[in-house]
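Visitor: Residue numbering for the sequence shown follows this note's numbering, beginning at 1 and increasing consecutively.
Taking CB as the label site, the calculated pair distances span: (1) K212 - R57: 45 to 53 Å; (2) E64 - Y112: 50 to 58 Å; (3) K228 - R57: 23 to 31 Å; (4) E6 - S279: 22 to 30 Å.
Dumping the calculated SDA-like pairs for lysine to any residue here, alpha-carbon to alpha-carbon at most 25 Å: (5) K191 - E251; (6) K101 - C194; (7) K278 - F171.
What the hints contain is simulated information worked out from the structure, not anything from laboratory work. Computed from a predicted model, the values in this text were never measured in an experiment. Built from N, CA and C at the ideal position, the CB exists for glycine as well.
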Amino acid sequence: MQINNEREKKLVISSLVQLLYYKRVISFQESLSLLRKIRAKKAERMLEMLYNNERFREHISIGEKNIRFWLSNTAWKLKMRREMTSVLERACHIVAFFASKLKEDQSIDIIYANSYSSEALSLMLSIYSDVNYFSIGPEYDISSPENLLVPVVLGFETNLEIERREEIPYFGVNLIYKVSEVKRKMGLVYKTYCKIVQKKDSEKRFCNNYEKRLLKRTLDKPNIISIKKWQKICMKSIHSLNRELKNSFNEMKEKELDLEGEAPAPLASSITWLLNRKSLEETIDVITKIPIAQEDFMNHQPMYG
1 MQINNEREKK
11 LVISSLVQLL
21 YYKRVISFQE
31 SLSLLRKIRA
41 KKAERMLEML
51 YNNERFREHI
61 SIGEKNIRFW
71 LSNTAWKLKM
81 RREMTSVLER
91 ACHIVAFFAS
101 KLKEDQSIDI
111 IYANSYSSEA
121 LSLMLSIYSD
131 VNYFSIGPEY
141 DISSPENLLV
151 PVVLGFETNL
161 EIERREEIPY
171 FGVNLIYKVS
181 EVKRKMGLVY
191 KTYCKIVQKK
201 DSEKRFCNNY
211 EKRLLKRTLD
221 KPNIISIKKW
231 QKICMKSIHS
241 LNRELKNSFN
251 EMKEKELDLE
261 GEAPAPLASS
271 ITWLLNRKSL
281 EETIDVITKI
291 PIAQEDFMNH
301 QPMYG
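When you get a sec, could you build the whole thing from the sequences and use the hints?
Guide: Right under this line is the structure:
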């Protein structure tokens with residue numbers, strides 16, 4: 001599977017331009033011109049152009065020998081985060097569906113399906129947390145408004161991500177284990193769902209053989225697979241989970257999630273969390289369009305947005 005993430009790569013390069021503007025290396029008009037070029041040209045070509053400019057290069061902490069890894073690695077994690085946001089949105093609808101059915105029907109099948117779907121949602125939230133932790137470190141709160149669009153979110157101020165590249169195989173083993181467990185639990189939920197909506201049960205749904213084979217092969221020696229290959233494996237695994245959720249529960253009408261109903265407290269909390277993350281993913285695209293750092297001449301402090 002090829003990781004088609006030019007969109008994310010352009011987001012990374014745009015954030016690099018934002019950093020140069022934030023450091024007052026380039027003017028508003030110059031940054032606006034660069035952002036327009038990024039939208040029109042390939043991200044890797046623009047990255048080379050920025051690094052070939054000595055004035056720009058001395059303000060970028062990532063060494064030139066690491067720039068290709070840094071670009072692909074950061075874009076990969078952004079794409080995984082976007083994919084996981086989509087996975088979680090579908091999962092919240094499924095959990096809400098079974099929570100509502102549980103109020104109508106206390107049959108043992110519904111009770112177990114409700115339990116499995118809730119456990120799967122918790123695992124999915126854990127995967128999202130792993131992706132974010134791996135990206136920016138546990139001490140950086142990406143959900144707080146003041147940190148939302150600061151370029152350091154994408155790792156420009158430190159070489160931490162370069163130093164941690166050897167963690168990728170271990171991250172990959174953990175990820176495919178969790179995805180495998182989610183698929184196993186959602187396979188059980190799917191059977192009950194088919195009975196409720198009178199849909200033919202496809203036994204091929206939520207097959208986790210791919211993940212189980214990889215775990216068996218790599219559990220003790222994750223480094224036998226290259227970092228580049230692990231990136232493709234992680235993306236394929238998350239993408240396949242998203243596709244399975246979409247295809248298996250396609251009869252379920254996905255309307256806007258709200259908290260006005262009698263949703264159980266943990267579900268209501270998950271829905272609130274999801275809506276905030278969706279807003280984040282939609283908002284962060286702003287940095288590909290306009291310079292975002294501004295000078296507050298009253299307090300002489302940088303402002304964002």
